[in-house]
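Given chain A, put chains B and C in place with the hints provided.
If you want the building blocks of each chain, they are given just below.
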Amino acid sequence: MSTEKTSEPLWWGLFSAGGVVAAFLVPIHIILVGFAVPLGWITDSGALYRVWWVKLYLFVLIVLPLYHWAHRFYFTLNDTGLKPISKLLAVLCYGGAIVGTIVTAWVLLQI
Amino acid sequence: MAEPTITLNVTRYRPEQERAPTTQAYTVPFKQDWVVLDALNHIKDQIDGTLSYRWSCRMGVCGSCGMMVNGVPKLTCAAFLRDYYPQAILVEPLVNFPIIRDLVIDMSDFMDKLKIVKPWIIRKEEKPVSEGEYLQTPAQLEEFHQFTQCINCMLCYAACPVYGLEPKFLGPAAIALGYRYNIDSRDQGKDQREIIGNHDGIWDCTFVGECSVVCPKHVDPAAAIQRSKVDTTKNWFQSILMPWGQR
Amino acid sequence: MSVTRPEPSKLYHRKMPATWWLKKQSYFLFMLRELSSVFIAIFLIVYLCQIYQLTQGPQAYIAFARKLSSTGWILFHLVALLFALYHSVTWFQSSAVVLQLRIGERLIPRPIVMALHVGAWAMISLAVLILFLALKG
Chain A
1 MSTEKTSEPL
11 WWGLFSAGGV
21 VAAFLVPIHI
31 ILVGFAVPLG
41 WITDSGALYR
51 VWWVKLYLFV
61 LIVLPLYHWA
71 HRFYFTLNDT
81 GLKPISKLLA
91 VLCYGGAIVG
101 TIVTAWVLLQ
111 I
Chain B
112 MAEPTITLNV
122 TRYRPEQERA
132 PTTQAYTVPF
142 KQDWVVLDAL
152 NHIKDQIDGT
162 LSYRWSCRMG
172 VCGSCGMMVN
182 GVPKLTCAAF
192 LRDYYPQAIL
202 VEPLVNFPII
212 RDLVIDMSDF
222 MDKLKIVKPW
232 IIRKEEKPVS
242 EGEYLQTPAQ
252 LEEFHQFTQC
262 INCMLCYAAC
272 PVYGLEPKFL
282 GPAAIALGYR
292 YNIDSRDQGK
302 DQREIIGNHD
312 GIWDCTFVGE
322 CSVVCPKHVD
332 PAAAIQRSKV
342 DTTKNWFQSI
352 LMPWGQR
Chain C
359 MSVTRPEPSK
369 LYHRKMPATW
379 WLKKQSYFLF
389 MLRELSSVFI
399 AIFLIVYLCQ
409 IYQLTQGPQA
419 YIAFARKLSS
429 TGWILFHLVA
439 LLFALYHSVT
449 WFQSSAVVLQ
459 LRIGERLIPR
469 PIVMALHVGA
479 WAMISLAVLI
489 LFLALKG
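These protein sequence lines are chains A, B and C, in that order. First residue of the first sequence: 1, per the working numbering; consecutive thereafter. First residue of the second sequence: 112, per the working numbering; consecutive thereafter. First residue of the third sequence: 359, per the working numbering; consecutive thereafter.
No lab work stands behind these hints: they were computed from the structure. Keep in mind the model is a prediction, meaning the values are calculated, not measured. Even glycine gets a Cβ: it sits at the ideal position worked out from N, Cα and C. Keep in mind that a hint or two might mislead.
Said to hold, decoys possible - In silico lysine-lysine, DSSO-like type, Cα no more than 30 Å apart, as pairs:
1. A:Lys-83 - C:Lys-382
2. B:Lys-226 - B:Lys-238
3. B:Lys-155 - C:Lys-368
4. A:Lys-83 - B:Lys-345
What the hints assert, rightly or not - Now the stretches of chain B that chain C is said to cover, found in silico as 3 or more residues with beta-carbon under 8 Å:
5. 209-219
6. 272-281
7. 312-321
Here chain A stands alone, though its shape is the one from the complex:
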């Protein structure tokens, strides 16, 4: 099926990948970051994040769900009456995810 006319499969593919990552990994990380470390159940100095393959894991963990959010939120905003500014919404949502990708890569390279 030729789909030269639309780039939709790219965004849907990223949305899907992000959905899988979010579904399997985000809950345990919320428990670790939001509860276990702040409440002292586990002590952590953050040194682990400097390991190169951990950085790779973090990149995937943080970036892909951003594309999941962008695609889903774009459609949600369109379906709740904001369709007239559809193009602006696309720039804000997908652009936001792209900015997030760059910032994440930059942070991980800095630490």
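What follows is chains B and C alone, placed relative to chain A:
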């Protein structure tokens, strides 16, 4: 002892005498084995012959009698009065379609979309009749069989908020029908059903899933659409990453 | 064969309100599922902020973690966790609809595919926890 009765609040719309729909209450006998369609037929025969609505087989195979029953798209031949009794029942025309009169909606858009997906076997090269039929194993038939069960009742279009918001959306039944042919082993016409993979085809769908919930024949159009998304996306990435050797 | 179309001027069009998703429980739950992506994204940004603290010296990371122990942040993470769990469950349900997993020729029923997803999720979560405990500084 007086016969038990139940009230139906039915949408009336007579364009020659009113600008907007109204609701008319009818009291009909309550019988254990009656469905909403029986109640409507009683109204038409005994109370008010001016009521207009579609129906035919009264057994859930023709797809004619779809209406909103208490806000839920249903075949009125399959909605039993006893499941609502003693509360009154609201009967309205299927939502997301324009109303022609009373409970009758304009289904032209739906009919157009069924045709757009080219719902027939498309071959790159036809076999001459003398060579016999296109053979198919039971397993190959099993692949697409459930998607052949659609009775064109349009309940899925009434259930789909995306179709309500965007009338250009191809919609569950049309896409499921196109999918049925795309995965039929005898068909070679997937590239002629491109419309499914374009905007207002599968990409408008946000997988609310209500279409499959209301389908009286368990076609599962939601599954057809999501599988089409996977298929289209795989092909798209393949054509980008490996542009040589296209099937 | 010509088709008779209804007279357009006499058709009545019912408008769909922007609050359509409040009118039915199934639509509302759908909207909640979609909004879960917002909370997941916000959490990941917060996580990124914490990781960024590592460029600001060793105490900055610990100070940030202490900030996250405030009531407000605990509440946020509780809400985020609930939404993340809702995303996981609905995602696995969606996967069970799309995927056609087979044993030989027989399709695996959806509830079992769902259970397999939940099982994998439990094992992956456990693996992350164990790896974190084993490798953390």
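Which numbered hints does this structure break? none
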